[in-house]
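With our numbering, letter number 373 in the sequence shown gets 373, and the count goes up by one each step, no holes.
Treat the hints as calculated values from the structure; they're not laboratory data. Backbone N, C-alpha and C define an ideal beta-carbon position, used for all residues, glycine too.
With a straight-line cut-off of 20 Å between C-alpha atoms, the simulated PhoX-like cross-links for lysine-lysine are:
1) Lys219 to Lys107
2) Lys65 to Lys322
3) Lys65 to Lys54
4) Lys280 to Lys322
5) Lys107 to Lys216
Pair ranges (Cβ atoms, derived):
6) Ala274 to Gln355: 31 to 39 Å
7) Met134 to Arg270: 55 to 63 Å
8) Pro198 to Lys280: 47 to 55 Å
9) Asn318 to Gly367: 37 to 45 Å
10) Arg154 to Leu226: 24 to 32 Å
11) Gly42 to Ala274: 29 to 37 Å
12) Ser32 to Arg232: 35 to 43 Å
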Amino acid sequence: MALETASGADVLLYTPSAEELLLEGKAPGRGSLVRELSAGIGFLADFWADRYLKEYIASGGSKIKFITGKTGSGKSHFLQLFSVMAEELDYKTADFSAEDIWLHDFKDIYVEILRQCDLMECLRGCARQVIARMGYGADEIPDGMTFMDYLSSRDMGDALTRREIRLQLKELFLENPLMDNNFALACSLLTGGILGHPVLERQNQELLLGWLRGDKTVKLALLRALGLSPSRITRYNARHMLRSLAEAVRISGRAGLLVCVDDVDILLSRSSLAPLHYTKLRREDTYESIRQLIDEIDSLRNIMFLFAADRELFDNENTGVKSYQALWMRLQNEIVGEHFNRFADIADLDRLAAQAYTPEVLTDMSGRLAAAVHAQEGGANARVISRQEAQEILEGAGLGGVGIPRMVNERTLGGEAYV
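Starting from the given sequences, assemble the full structure and let the hints guide the process.
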């Protein structure tokens, strides 16, 4: 991985492997290893995949869920696992930590989602949809040749065909009620550039992409010359832009968009060493932003949000969500049943563990982790816990401030474990 510095020089950054992350006490990432290490959590992950990813979200719905629990209860692992499951079901996914991206300004959230979605890749999918709707197959077009070039090579690039391409772009984007007018026009122009008609110069492509990314250096007057009547992307219109992005993802042929935000409990951190420091005002702005997203979620289509945070975010009445009544009123559960409710909008992984975890699940969890670290140099000391140890962990789970997966991993690795 390379990082471009202010001087323009590239600095190489080392990216640790999944096994190395485990040995450092961190979650393994979204690779195949996260599935191999999953034990017990499928009770919730498989249920959500079936009810939401395969059914509700794919059919045009939208949803916000919150994951909570003690430190070490498996929140990050759950997000990574669910992202992998979503990708397998043909979803676009965006995953980031609140320690890296500001949450109080929804523009920052939108820009990060847009970056991870790779808009041009989405629009290439939209171009394939146009090609299919005109009775052709994208696979029959040679590499390095646009759709318009291909048609011209077969003496079919006449005025009627060009008009049909413009009509298809208009129907997909400009007449789409779910898309912001300027976002739709930008997508239409960019997709036309991919198709080869209407022709879009490279400079104008970069101009459009810069505006969509919220680049403040883009001159709006130049965009007006392309037919747009744009304004700057701000916290006030970013949700509408996100709705447009989700629609572009759907048009491209994807099932939908999954957004996972981890470490939201950084809102409560008072440490000056925290990557991002939230003042009282920024914290309340974040709560208000999430409140607005909840209120407007039904206006979005084919999108699901998951927010993960330590339980203090929901328990702390002075700085947690309970301190912001407008948000808490939308999240609190008036009735809490005896059994874990997999439909609840706040999923408590500690309650899930108390119901779904048995000594057999814990030994299975330990065995999977030990097998993974044995494959990595330095992991030879990992061992599988006994059934008696697993029973001891379950009996003492309610007494401490650490989740069951963390306790299993500490005994397995003989040191720190991941969340």
